[in-house]
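Enquirer: Spelled out from the first residue to the last, the chains are:
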Amino acid sequence: MDATVTNSDEVLALVRGLSVTYEPDGGQPVRALVQASLSIGPGESLGILGESGSGKSTLASALLRLLPANARYMNGAILFRGCNLLEASDSELRNIRGARIALIPQDPALALNPVISVGDQIAEVLRAHIRTTGEARRTRVEELLAEVGFDQPRQIYPAYPHQLSGGQRQRIAIAQAMACHPALIIADEPTSKLDASLQTEILALMRRIGRQHGSAFVLISHDPTVLAGFVDRIAVMYAGRVIEEGSTEDIFRRPLHPYTQALVRLSSRYLAMQAVRTPFAAIHGEPPDLTETVAGCPYAERCEERMPVCSERGPQETAPELDRRVRCFKYEH
Amino acid sequence: MNKDPANSRSPLLRVCELSKSYRRRGSPWQRGHVIEAASHVTFEIFAGETLALVGMSGSGKSTVARCVSRLERPDAGEIWLNQTDIAQLESSDLAPSRQRCQMVFQDAATSINPRFTAGEVIEEPMLIQQEGSQRERRQRAQGLMSEVGLSPDSADRLAMEFSGGQQQRLAIARALALKPSVLILDEALSGLDLSTEAQIANLLLDLQSAHALAYLLISHDLALVARVSDTIAVMANGKIVEQGPTTQVIGHPTAPETRALLGATESARVGLAAAMGMTP
Amino acid sequence: MKYLARRAIRAFALLIAVSVLCFLFTEMAPGSFFDEMRLNPQISPETISNLRSRYGLDQPLVERYGHWLLAVAHGDLGYSIAYNAPVAPLLWTRALNTLLLTTTAMVLTWLIGVPLGVWTATWRGKWLDRIVETGNSLLISIPEIVIALGLLAWAVRSRAVPIGGMISLSHDDLSGWGKLRDVLQHLLLPTAILVLAGVSIVVRHVRASVGEVLDAPFVRAGRGLGIGQVRLLFRHVLPVAASPGITLFGFSIASLLSGSLLVEVTTGWPGLGPLLLEATFARDLYLVIGGIIFSAVFLLAGNFIADLLLMASDPRIRTGGVNAE
Numbered sequence: 001m002d003a004t005v006t007n008s009d010e011v012l013a014l015v016r017g018l019s020v021t022y023e024p025d026g027g028q029p030v031r032a033l034v035q036a037s038l039s040i041g042p043g044e045s046l047g048i049l050g051e052s053g054s055g056k057s058t059l060a061s062a063l064l065r066l067l068p069a070n071a072r073y074m075n076g077a078i079l080f081r082g083c084n085l086l087e088a089s090d091s092e093l094r095n096i097r098g099a100r101i102a103l104i105p106q107d108p109a110l111a112l113n114p115v116i117s118v119g120d121q122i123a124e125v126l127r128a129h130i131r132t133t134g135e136a137r138r139t140r141v142e143e144l145l146a147e148v149g150f151d152q153p154r155q156i157y158p159a160y161p162h163q164l165s166g167g168q169r170q171r172i173a174i175a176q177a178m179a180c181h182p183a184l185i186i187a188d189e190p191t192s193k194l195d196a197s198l199q200t201e202i203l204a205l206m207r208r209i210g211r212q213h214g215s216a217f218v219l220i221s222h223d224p225t226v227l228a229g230f231v232d233r234i235a236v237m238y239a240g241r242v243i244e245e246g247s248t249e250d251i252f253r254r255p256l257h258p259y260t261q262a263l264v265r266l267s268s269r270y271l272a273m274q275a276v277r278t279p280f281a282a283i284h285g286e287p288p289d290l291t292e293t294v295a296g297c298p299y300a301e302r303c304e305e306r307m308p309v310c311s312e313r314g315p316q317e318t319a320p321e322l323d324r325r326v327r328c329f330k331y332e333h
Numbered sequence: 001m002n003k004d005p006a007n008s009r010s011p012l013l014r015v016c017e018l019s020k021s022y023r024r025r026g027s028p029w030q031r032g033h034v035i036e037a038a039s040h041v042t043f044e045i046f047a048g049e050t051l052a053l054v055g056m057s058g059s060g061k062s063t064v065a066r067c068v069s070r071l072e073r074p075d076a077g078e079i080w081l082n083q084t085d086i087a088q089l090e091s092s093d094l095a096p097s098r099q100r101c102q103m104v105f106q107d108a109a110t111s112i113n114p115r116f117t118a119g120e121v122i123e124e125p126m127l128i129q130q131e132g133s134q135r136e137r138r139q140r141a142q143g144l145m146s147e148v149g150l151s152p153d154s155a156d157r158l159a160m161e162f163s164g165g166q167q168q169r170l171a172i173a174r175a176l177a178l179k180p181s182v183l184i185l186d187e188a189l190s191g192l193d194l195s196t197e198a199q200i201a202n203l204l205l206d207l208q209s210a211h212a213l214a215y216l217l218i219s220h221d222l223a224l225v226a227r228v229s230d231t232i233a234v235m236a237n238g239k240i241v242e243q244g245p246t247t248q249v250i251g252h253p254t255a256p257e258t259r260a261l262l263g264a265t266e267s268a269r270v271g272l273a274a275a276m277g278m279t280p
Numbered sequence: 001m002k003y004l005a006r007r008a009i010r011a012f013a014l015l016i017a018v019s020v021l022c023f024l025f026t027e028m029a030p031g032s033f034f035d036e037m038r039l040n041p042q043i044s045p046e047t048i049s050n051l052r053s054r055y056g057l058d059q060p061l062v063e064r065y066g067h068w069l070l071a072v073a074h075g076d077l078g079y080s081i082a083y084n085a086p087v088a089p090l091l092w093t094r095a096l097n098t099l100l101l102t103t104t105a106m107v108l109t110w111l112i113g114v115p116l117g118v119w120t121a122t123w124r125g126k127w128l129d130r131i132v133e134t135g136n137s138l139l140i141s142i143p144e145i146v147i148a149l150g151l152l153a154w155a156v157r158s159r160a161v162p163i164g165g166m167i168s169l170s171h172d173d174l175s176g177w178g179k180l181r182d183v184l185q186h187l188l189l190p191t192a193i194l195v196l197a198g199v200s201i202v203v204r205h206v207r208a209s210v211g212e213v214l215d216a217p218f219v220r221a222g223r224g225l226g227i228g229q230v231r232l233l234f235r236h237v238l239p240v241a242a243s244p245g246i247t248l249f250g251f252s253i254a255s256l257l258s259g260s261l262l263v264e265v266t267t268g269w270p271g272l273g274p275l276l277l278e279a280t281f282a283r284d285l286y287l288v289i290g291g292i293i294f295s296a297v298f299l300l301a302g303n304f305i306a307d308l309l310l311m312a313s314d315p316r317i318r319t320g321g322v323n324a325e
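Protein chains in written order, with the working numbering: chain A, 1 to 333; chain B, 1 to 280; chain C, 1 to 325.
Just chain A, with the same shape it has in the complex (with noise of 0.2 Å):
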């Protein structure tokens, strides 16, 4: 491992041209992901936006190979420290898993399970990757719970799912993720089941711990006010594509693609705190049909400024100034 941490400075994990199909018994195919590419340096933070069948959740499972058995992994690579995960074995995954890259789910209160203390179930990550003593494990269990900020580590450890709230869970969730110090997190819409105060609250845990650790990590969300002040890059998804990719600050002073545009235009709702009872700037239609391909730009058919060649053939890959992608052609020459 040691070799391949010095030469992959630059890079903790990186996707490279994934398209991924989801074949559902009798069912159409379902192209979920096509040809996404993305990279996440060592503790930097990435925002994926996008809205559902954006292909986002996919991606974040697919980073972990959680990807549900009737998924196909049609091309691409996804190298995390050099290594690619599609060619890995099944232990070398159960050794990265929770201790490397670490994921926090959307609902805790699904991702627990029901039975086995909270306490308990933070023990087992550390079980499955590091070989110690119970007593040290109890001990470091009650530390991790302090840090995501139980006042009384001991009152909770023996305590079931059911009887923590949801704030709670979430947290146990993190101290899970947490547990073995992974460089990589991957949240998945961790506070989209919470109430907008503690939401905030959630959200500063995660970047108080990572910076602690200096995680890196993939906050997925499909609300662009949680990644505004979180994440350093965001990478905007639609219909299983990476459509644009640039700093936070870029992606919202100065939107490229049209979707983009649109959606930062609509996410300023959060700004004007005044009754206005004036018609949103919607985005008019539907995302296309994933079980059919799209001959040019998905985004054609909704977009204000379409031109001729959209709907003729896909847009490539630009990038119009430094450290930015859009695939737009607009930005093509």
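None of these hints come from the bench; they were simulated from the model. For each residue, glycine too, the CB sits at the ideal point set by N, CA and C. The reader is advised that the hints may include incorrect statements.
Claimed, not checked - Taking lysine to aspartate or glutamate and the EDC-like style, the derived pairs with C-alpha atoms no more than 16 Å apart in a straight line are:
#, chain 1, residue 1, chain 2, residue 2
1, A, Lys-193, B, Glu-187
2, B, Lys-239, B, Glu-36
3, C, Lys-126, A, Asp-25
4, B, Lys-179, B, Glu-136
5, B, Lys-239, B, Glu-17
6, A, Lys-330, A, Glu-317
7, A, Lys-330, A, Glu-304
8, B, Lys-179, B, Asp-107
9, A, Lys-193, B, Asp-107
To be verified - Beta-carbon label-pair distances, calculated as ranges:
#, chain 1, residue 1, chain 2, residue 2, range
10, A, Glu-92, B, Arg-115, 37 to 47 Å
11, A, Glu-10, B, Ala-274, 24 to 34 Å
12, A, Gln-316, C, Gly-135, 54 to 64 Å
13, C, Val-107, A, Gly-134, 29 to 39 Å
14, B, Leu-127, A, Pro-24, 51 to 61 Å
15, A, Glu-92, C, Gly-176, 56 to 66 Å
16, A, Gln-152, C, Leu-180, 50 to 60 Å
17, C, Arg-130, A, Glu-92, 27 to 37 Å
18, C, Ile-305, B, Cys-16, 53 to 63 Å
19, C, Gly-135, A, Asp-90, 22 to 32 Å
20, A, Ala-77, C, Arg-130, 32 to 42 Å
Got chain A; can you put chains B and C on it based on the hints?
Expert: Same frame as chain A, but now just chains B and C:
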């Protein structure tokens, strides 16, 4: 905003001192106790206007919605809908008020039978009330579909084949089938994607001005509610802690609970504003 | 503990209700033990009425029930007219025979069924699973009586195992070990029938509940945290999947006394079943009632044990509902 003075004199829906409590069943180790889910809730909504009932989860806003739609019987108080107090009516006498007051839920996918066709979903309430012939019902269903932005040609497609946003449109069309005057929107804008949320919000605004509908909008999202409501009532612990015109409640909140709700989105707004390069 | 006390009180009330219904129904049923005597010209009506009063059958129903209840409180279940003996010891010896058979069968059924169910659940859709599933469907669709007759026919032809009864004629001459071997050999056939008839239900049940839990999000989450496949199955999946299995296990216990009637009758096992059948035909009142009460006690005990196991295995029951939300 631009309300008809004639309408503003008599509200379409008037809720007065509504109270509802639940007895929480005790377990062998715990004694049961009473939870005041709603206590002395009073508000009124005029034609063409929206009252937003906001609060954190567990504040009692959904209890109020369930009482007003008479999915539950309140313990005390009055619910005036079209000169009738429906608060204590037996379910057999509720049919006319059910027609006048319809409900749209948060998750359309669970409130619609996925095996029904879109047409069947919309026609169902008309069928139950035995309104019109089969042909008339189908025509009305198709009319409603185009009104909520769905293609009338897709009336024979199964509800499960529609996307989440389209299913919410379908639920709205079904709610409109009996020409109600009041719509209860129970978190009907929550849990949607940003672009879908905007589309549905716009649709609701359009429908409201077209039919002078009164909306009771239940939500936990103050920022969203500010954009679409005329009046805001903030609930906490089963009580309305602040109520007034939206501009006033947003601009000059008095109750600590309102400030807490505003504050909850505050840091998100600061982050967003910073990313956009603005000062909030 | 209040919970357990409440369950106990409820169980007691149920037993009372069962006994009341027993008395009512036997009263309503036509005929009595002495009907056949009436046809016999050598027995005078006086003798019959004397006999009736000796067994207390001439008293009104309520009084009879009161007497019976009082006697039960002292451990006396009444008197069998046909066997001319107290009911309780009669029932006990037969019940022990039945329990020997059904407990053996149950233990075997679960020892085979649970691992097979868990194993096929982890291989769902693969050919191994399909083979077991086909065998299962076949077994479920064959009625117990057909399995019993089929095995009997095979046993008669092959003479591989002794048929009929619980012991050989020469049983008394055998040594201690020989006696045990003799009983075990006689046990083979009826046990095999019961296991074959019951195992497929257990396999299906376990496979379904384990399969459902394997698809749960928390299992995916556990895999995502690097917990190994085996540990995930035994520590995370099985405890959650246990609840439906435990309920079924409770039913198994509950039917220990009453579930083997058919097999006992067909293989001549001297259990409770044939005794009760004869008693019913003979209208041997107190024997029937005693047998039903015996079965009811087992039924309630089975449910009670299942409740205890459920409480032990599921903290959501133990700690009483959802507390914080």
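Enquirer: Taking the hints in turn, state whether each one holds.
Expert: Do the hints match the structure? See the list:
About 13 Å separates the Cα atoms of Lys-193 of chain A and Glu-187 of chain B, which keeps this hinted pair within 16 Å; it holds. Restraint check for Lys-239 of chain B and Glu-36 of chain B: the C-alpha separation of about 9 Å stays at or below 16 Å, so the hint holds. Between Lys-126 of chain C and Asp-25 of chain A the CA atoms are separated by roughly 15 Å; this keeps the pair inside 16 Å, and the hint holds. Taking the CA atoms of Lys-179 of chain B and Glu-136 of chain B, the gap is about 14 Å. The hint holds against a cut of 16 Å.
Simply put, Lys-239 of chain B and Glu-17 of chain B have alpha-carbon atoms about 10 Å apart, close enough for the 16 Å limit, and the pair holds. The straight-line distance between the Cα atoms of Lys-330 of chain A and Glu-317 of chain A is roughly 11 Å, inside the 16 Å bound, and the hint therefore holds. At most 16 Å may separate the alpha-carbon atoms for a hinted pair to count; Lys-330 of chain A and Glu-304 of chain A meet this at roughly 12 Å. With a CA separation close to 22 Å, the supplied pair Lys-179 of chain B and Asp-107 of chain B exceeds the 16 Å bound.
Of the pairs offered as hints, the one joining Lys-193 of chain A and Asp-107 of chain B holds, with about 13 Å between alpha carbons and a cut-off of 16 Å not exceeded. Between Glu-92 of chain A and Arg-115 of chain B the Cβ separation comes to about 44 Å, which falls inside the hinted range of 37 to 47 Å. The hinted range of 24 to 34 Å is satisfied by Glu-10 of chain A and Ala-274 of chain B, whose Cβ atoms lie roughly 27 Å apart. Evaluation of the 54 to 64 Å hint for Gln-316 of chain A and Gly-135 of chain C yields a pass: the beta carbon distance comes to about 57 Å.
Between Val-107 of chain C and Gly-134 of chain A the beta carbon distance is about 33 Å. The supplied range of 29 to 39 Å therefore holds. Take Leu-127 of chain B and Pro-24 of chain A: their Cβ atoms lie about 33 Å apart, and the range 51 to 61 Å is violated. Between Glu-92 of chain A and Gly-176 of chain C the Cβ separation comes to about 60 Å, which falls inside the hinted range of 56 to 66 Å. Judged by the Cβ atoms, the range 50 to 60 Å given for Gln-152 of chain A and Leu-180 of chain C holds: they are separated by roughly 59 Å.
Range check, Arg-130 of chain C to Glu-92 of chain A: about 31 Å between beta-carbon atoms, so the 27 to 37 Å window is met. In this structure the hint that Ile-305 of chain C and Cys-16 of chain B lie 53 to 63 Å apart at CB holds, the actual value being about 55 Å. Between Gly-135 of chain C and Asp-90 of chain A, the C-beta spacing of about 30 Å keeps the proposed range 22 to 32 Å intact. For Ala-77 of chain A and Arg-130 of chain C, the hinted distance range of 32 to 42 Å is satisfied, since their beta carbons lie about 35 Å from each other.
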